[in-house]
Every structure is written in C-alpha cells, then in structure tokens.
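K.L.:
Residue-level listing of the chains:
There are 2 protein chains.
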Amino acid sequence: MFEFRIDATSDAARAGTLILPHGTVTTPVFMPVGTQATVRTLSPADLETVGAQIVLANTYHLHVRPGEDVIEQLGGLHKFMAWDRPLLTDSGGFQVFSLEGFRRVDEEGVEFQSHVDGGRRMLTPERVVEIQAKLGADIAMAFDHVVPGGADESTARDALERTLRWLGRCKKRHNELAELRHDGTTARRHDGVQRADVPTWNQTLWPIIQGGTLPALRTECLDRIMELGPWTGIAIGGLSVGEPKDKMYATVEVLEERLPPALPRYLMGVGFPADLVAAVERGVDLFDCVAPTRGGRNGSAFTPEGTLNIRNAAFRTDEAPLDPTCDCETCTTYSRGYLRHLFAAGELLGLRLLSLHNVRYLIRLAEDMRAAIQRGDFAAWADEWRRRYQHTGVA
Amino acid sequence: MFEFRIDATSDAARAGTLILPHGTVTTPVFMPVGTQATVRTLSPADLETVGAQIVLANTYHLHVRPGEDVIEQLGGLHKFMAWDRPLLTDSGGFQVFSLEGFRRVDEEGVEFQSHVDGGRRMLTPERVVEIQAKLGADIAMAFDHVVPGGADESTARDALERTLRWLGRCKKRHNELAELRHDGTTARRHDGVQRADVPTWNQTLWPIIQGGTLPALRTECLDRIMELGPWTGIAIGGLSVGEPKDKMYATVEVLEERLPPALPRYLMGVGFPADLVAAVERGVDLFDCVAPTRGGRNGSAFTPEGTLNIRNAAFRTDEAPLDPTCDCETCTTYSRGYLRHLFAAGELLGLRLLSLHNVRYLIRLAEDMRAAIQRGDFAAWADEWRRRYQHTGVA
Numbered sequence: 002m003f004e005f006r007i008d009a010t011s012d013a014a015r016a017g018t019l020i021l022p023h024g025t026v027t028t029p030v031f032m033p034v035g036t037q038a039t040v041r042t043l044s045p046a047d048l049e050t051v052g053a054q055i056v057l058a059n060t061y062h063l064h065v066r067p068g069e070d071v072i073e074q075l076g077g078l079h080k081f082m083a084w085d086r087p088l089l090t091d092s093g094g095f096q097v098f099s100l101e102g103f104r105r106v107d108e109e110g111v112e113f114q115s116h117v118d119g120g121r122r123m124l125t126p127e128r129v130v131e132i133q134a135k136l137g138a139d140i141a142m143a144f145d146h147v148v149p150g151g152a153d154e155s156t157a158r159d160a161l162e163r164t165l166r167w168l169g170r171c172k173k174r175h176n177e178l179a180e181l182r183h184d185g186t187t188a189r190r191h192d193g194v195q196r197a198d199v200p201t202w203n204q205t206l207w208p209i210i211q212g213g214t215l216p217a218l219r220t221e222c223l224d225r226i227m228e229l230g231p232w233t234g235i236a237i238g239g240l241s242v243g244e245p246k247d248k249m250y251a252t253v254e255v256l257e258e259r260l261p262p263a264l265p266r267y268l269m270g271v272g273f274p275a276d277l278v279a280a281v282e283r284g285v286d287l288f289d290c291v292a293p294t295r296g297g298r299n300g301s302a303f304t305p306e307g308t309l310n311i312r313n314a315a316f317r318t319d320e321a322p323l324d325p326t327c328d329c330e331t332c333t334t335y336s337r338g339y340l341r342h343l344f345a346a347g348e349l350l351g352l353r354l355l356s357l358h359n360v361r362y363l364i365r366l367a368e369d370m371r372a373a374i375q376r377g378d379f380a381a382w383a384d385e386w387r388r389r390y391q392h393t394g395v396a
Numbered sequence: 002m003f004e005f006r007i008d009a010t011s012d013a014a015r016a017g018t019l020i021l022p023h024g025t026v027t028t029p030v031f032m033p034v035g036t037q038a039t040v041r042t043l044s045p046a047d048l049e050t051v052g053a054q055i056v057l058a059n060t061y062h063l064h065v066r067p068g069e070d071v072i073e074q075l076g077g078l079h080k081f082m083a084w085d086r087p088l089l090t091d092s093g094g095f096q097v098f099s100l101e102g103f104r105r106v107d108e109e110g111v112e113f114q115s116h117v118d119g120g121r122r123m124l125t126p127e128r129v130v131e132i133q134a135k136l137g138a139d140i141a142m143a144f145d146h147v148v149p150g151g152a153d154e155s156t157a158r159d160a161l162e163r164t165l166r167w168l169g170r171c172k173k174r175h176n177e178l179a180e181l182r183h184d185g186t187t188a189r190r191h192d193g194v195q196r197a198d199v200p201t202w203n204q205t206l207w208p209i210i211q212g213g214t215l216p217a218l219r220t221e222c223l224d225r226i227m228e229l230g231p232w233t234g235i236a237i238g239g240l241s242v243g244e245p246k247d248k249m250y251a252t253v254e255v256l257e258e259r260l261p262p263a264l265p266r267y268l269m270g271v272g273f274p275a276d277l278v279a280a281v282e283r284g285v286d287l288f289d290c291v292a293p294t295r296g297g298r299n300g301s302a303f304t305p306e307g308t309l310n311i312r313n314a315a316f317r318t319d320e321a322p323l324d325p326t327c328d329c330e331t332c333t334t335y336s337r338g339y340l341r342h343l344f345a346a347g348e349l350l351g352l353r354l355l356s357l358h359n360v361r362y363l364i365r366l367a368e369d370m371r372a373a374i375q376r377g378d379f380a381a382w383a384d385e386w387r388r389r390y391q392h393t394g395v396a
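The listed protein sequences correspond, in order, to chains L and S. In my numbering, each residue's number is its place in the first sequence (first place is 1) plus 1. In my numbering, each residue's number is its place in the second sequence (first place is 1) plus 1.
Isolated chain L, as found in the complex:
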C-alpha cells in the first residue's frame, strides 16, 4: 500500500504507478477538484468516463458544510460522494489563508470565520488530521502556512518554520490515529501486492514544501521535511498563488534536483495545460486545479491550439465539435453551434458539457505525456505540443 514505482523516465520527466487503498493511479496524473464532495456539474459516472483516476476534495469546505461527522455517519467520503476510486483531501491550509474576512494565526493554529454561517472556528494541525481521518481519503495533507506569491524573506521564513512545526504535530497525531485504527491486515490488494502481516491504515499523510519563491528556503524546507520522514509522497505548495510563471518553474526546477526520486511529487493547485507540461518536464507527477471546471462553467474550453470561448458569436452555426481531436461525450455528440446555444440560453447542460470536456482534456494531456515518457521522447513531444498550443496565440 502507498507504494510508488517508476515505470519510465525521459530526462527529468517520469511515468509512474502509485498504489493506493482504493486503486492504482498511473502518473503523470491530473486530479479533478471536488471541492464540496462533487466535481462541479459532473457525476462520478462522468468522471469514470473521462478517465479520472483520483479526485481531490477540500477539507475546509467539507468541515464547514456538511461537517466531517455527517460524512462519517454516512459512511465516509468515498461512500458519501459515491466515488470508489482514490481520493486526496487537502488540509484546509490554503483555504483558511486565502479566505476573506477574519483570520488569526498563532502557534496553536488558525482561527477563522466560516464563509457559510459566519461562526468562528479553529483549525489546528491535530484537528486537520482528525477531520481528514473521518473523511477517509487515501491521501491526507499536512496543515501548512501558505504565504502570498510576493512574500518577503522574513514572512516566508516565518511561515516555513511554522509549517515544519505543524508538520511534526500532524505526523504525531496521524501516527496515534493509525495505532488506534491498526487492524493488522491489509484489506485491499492491488496488482498482486499482499502484505497482510504489515500493520496498516488506509490513509497516508503527505507533507508540503513551503518557502515562497526563495530557492534557499525551498531546499532547506525539503531537507528538514525529509528528516521528519519517512513519507510516501510529498507536495510542493504555495505556488500558483500570484508569483510570475518563471519563478514557479524555477522553484520546481531547484527542488527537482534534491527530491528523492522514489517519492511521488504533487504540485498543488496547478494548473493550466502549459503549466502541466512544464511541470512534468521538471519531474512532477500529480496535479490538481479548478481551471477546467471553473473555465468550463464560463464557456472556456481547452483545445490543442489554445482556449476558445464558446459564447463567441462566430460559433453560432458551427457544425464542428468543440475539439475535433477529443474523444469525450461533448466532442463526439454535439456541435459548437449547439453548445453556444446552451450558453446563450443559460442552460445548465452547457456548463456540464464544457466541464466534462475540459477535465477530459487535462486527463488526456497527462495520458499523452505518460506515453511520450514511455517512448523516451518527452522533450520532443513537449516542443511540438507547445508549438501547436501557442500557435494561435489565443491561449
């Protein structure tokens, strides 16, 4: 359980296999975001159809509504949302630090105001681990202190130190819960893996590297996280939060040189198609982002040439599919003219059909990258991909 195997590499790019309690995930992989225990507009059957292997849900949102106790009573997050493949929950750190309104951070944790009922609540490293244990995702994330993209060194240093102290508390609480839940057997086996004699729990905890866009802080954070190990995976947080793209890429590059190859690497909150390609090129394995569903609800669709907006009057009588290269239900069933009509008429089916396509697009992009890595020509594939994607300049 929680094993990661590298199947192929092409320069820094990696194709791997991650074994989780609810199934096996091949990487690189894009995780659709199911903020409130649903990937907005899509059903679990839709997600299976587009090849989703793992879905992310937000601990903060589920804690404030409906509450982790409700979800636990209804059988845990997998059963609640009727998704039997792997799940990852974030820690709520990103949400509480990006919330508008009242927020107070101290060593104990973060006090904040619920966006649902306005009530004051407290998240601590221990609480966050306990909430995620009740939710029961395959992968839980440690509680981290996220700072804005342009944070200065002392702010970034301060958040880094707190993130590391909180990581120790998260790990301690996670281990205590694992002891309580230890049943001495491995309930599920995948791909011939059978370790029934090993104590186990069906959730693992991943740490998050912080440190802003300061290379020295990032590498120090990574080193100190590894001292607190062992870990089954590791995340890069605090990127895609307003910093320039080249800073984001440079940060990932610096880390790539020191990240233990055996751990799967998750770049949080990324991204757009070009970001996925650049990050895989720099050794990243997992991604999540709301862009495909948020953009889809706004009429924006990913295509191999860049994004298009289906509301454009030019599509009024366009018989072509949204993306002629795509195999999703939207692209194999409907014309751009019909999709434009759905948006013009305010029909909810339009939001769903574009979300479905965009999620499929990113999943297929990850599949294409995996194939290129397995062929050993990722660099050439990426150059060709970028030439085409940026060709029209509409991205």
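By construction, these hints were calculated from the structure, which means they are not laboratory data. Since the model is a prediction, treat every value here as computed from it, not as a measurement. Mixed in with the good hints, there may be bad ones.
A partial selection of chain S residues facing chain L, derived with a Cβ cut-off under 7 Å [to be verified]:
| hint | residue |
| --- | --- |
| 1 | 75 |
| 2 | 339 |
| 3 | 346 |
| 4 | 349 |
A virtual CB, placed ideally from N, CA and C, is assigned to each residue, including glycine.
Since the structure of chain L is provided, determine the placement of chain S on it from the hints.
P.N.:
Structure of chain S alone, referenced to chain L:
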C-alpha cells in the same frame, strides 16, 4: 408511419403503440419537456437511461433563440440536440398567449414581443407550420388560441372559432409543404411497417381541442376538428391553466366519450402524478409537463407516498435513497444525506440528480399504468396507487 395501434384496454384506459419516423412509442407515455432543445440539466444519454421515448420542444422558444434557420443549418432539431428518438414540437400558441408584455391578436395571427431581445415578432398559422417543418419533429402541433382557465362563454367561443379557422390554415400549409417534400419513399421502417409506395413526409400535424371548461364547446370543437380531418392524433389543450381539477377531469371525461378510439390522445401540459393517473383512467395516451424538472431544480422529489423536499433538515444524515422503490441512477447511487448536502451547498449536480429521478418517476408511472391496463385491472391498480400516494398527505 404515424400509425396507432391499441394493444389493450381496461375500462376507458388504453395501452397503445404509436409508430413515428424516429421510433416506436408505447403508451401511456410521459414526454419530458426540452423547452430550449434540452431537457433542463439532462443529457440525451440521461434521457435514454430513464426510458424517455419521446421529448417535447417549444417552437416559441426555439424561434426566438437560436432561430429555426440556425437549427435547420445544423441539421434539424434531432441532430441539433443529439436526440434520435421521436420529438414533438408545440405550436407556440400556449407561450404567446401566456407571455407577459405586449401581445396583439387578430385574424392573421399574434404579434408579440420576444422575451429575449424585446423585438416585435409575428406568429401566424402558416409561419408556425413553416417553423416546425424546419425544426423537423415527428409531430407538429396546430396553432391555437388559448384562453385562461376561468374564461366566459363568449371569450371561449371566440377563441374556439379562431382556433378552428387557424387549424384550416395550418393544415393547408402543412399539406403544401408535404407536397414539396414528397419524395415517394418511406425512408424509415419500424416494426415491419413498409409502405414505400405511399407518398410521405416525416412530420405529421395534430389539431388541438379548445373550448375552455364548457362541455358543449369542447364537444363541438372536437366534432368540427374531425370534419377537417383525417388526423393521425389529437390534443386536448387549454387545460391545466388555472381551472379547478374537477373541471379538468370532467372536460376530459366528456371528450372521452366522443373521441375516435383509433387516434392517440395528448393532454397538453399535464402533469403531476395524480393527474396522469386520473387522465389515463379517462382514456388519455400522451402527456407532457415541466413539473419533474422544475420541481427537481427546487429540491422537490416525487415518491410513491407523495412529494418530499430534499432541503429538509430531517434528511441531513439519512442514509436511505431518495425513493427506495426507484431504479434510477440517483436512487441507486446516493443517500438523501448527500443529495441534501448538494442542495445546501448550491451544487449543480443536485439539480440534475433530482430532475433525473423525477423524470424517471413519471416514466415509470406510465410504464406501471401500461402494465396494469395489459393485466386488465387498471381501476384496482389506480385505487391502490391513490391510497398510497395520498396516504401521508404530503403530496
């Protein structure tokens, strides 16, 4: 083509088979409403899954947006909305007479203001037939003058006379178009029906009986419509527009005695579950209504005991399915607790899942009625159904 066969009767209730260019429809049948060329929140694949045999679309709405010419350019309504089973389009009469704002009726037709762009437009019997010909549904409806539920005799008489004059003009234009489109062959054959030597067109025109809730006007209207025939089906319009339920049932009852048994009978805009049962009991074959999708988007769900509203706090940790007797995706996949969460959290998936269930509920109700008619015990089935449906008093 356009044949109707009675498979079984049980008192006045009938089980039949209607052969249309895009497929065979077994009756009684509930037609989901796809106002703007989409049954709100549902895809064609969803509709097939819940057993929809025929869908209704609104000529008025499609005329004002995107316009019948756009739909014709994109291959006609079936291809546009990716629905290859039978379609029925209404005439727009009901919409233009129930529109808020400017409306002027004269012998030529109705001038009205588009709800989309505010522009003045004119619908005439000829235009309505031409628009529906471009849309290309299997069944087109004649343009009728609808009056409110409480209309007095002179208003109802006036509307009836105009409806009959307009029917003559609709039929004349329909016949002209049929001549133009006559190709001497039957392109599609169903259930062994083959009449390749008979001139044909893949659209038929059905007349609409008006006359308010005045029995003498209703029967006169029916008789005079039959003189203008032959017809392949007939509709009862102007009901479910604010009149008391007993007046609606009495009107259907009066008509039932004189309606030619060989014609399929379509009760427009009806209805709620109890209305479907009462109307089938009185010899009706086809129905349409927005109640399942409109109610579904509002959290209201049909069950065998009556309706429930999923927003109710009582369902917060309810593990039971929405309707334990139902075979739809919603009821076989999710708990009431999860569905309530989707509504509380404002998630679009909730609207879709309740719409899906409600449409399935009415289709299954029609299927159950058909089975009872075929067993010959419809009256006993209906009594038992009503006893259960009204038992809790929450309907």
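K.L.:
For every hint, state whether the structure bears it out.
P.N.:
Cross-check of the supplied hints:
1. Checking residue 75(S) against chain L: minimum C-beta separation of about 5 Å stays under 7 Å; hint holds.
2. Interface hint status for residue 339(S): upheld, as the beta-carbon distance to the closest one in chain L is roughly 5 Å, under 7 Å.
3. Residue-level restraint check for residue 346(S) holds (minimum Cβ-Cβ distance to chain L is 5 Å; threshold 7 Å).
4. Residue-level restraint check for residue 349(S) holds (minimum Cβ-Cβ distance to chain L is 5 Å; threshold 7 Å).
The structure meets every hint from the earlier list without exception.
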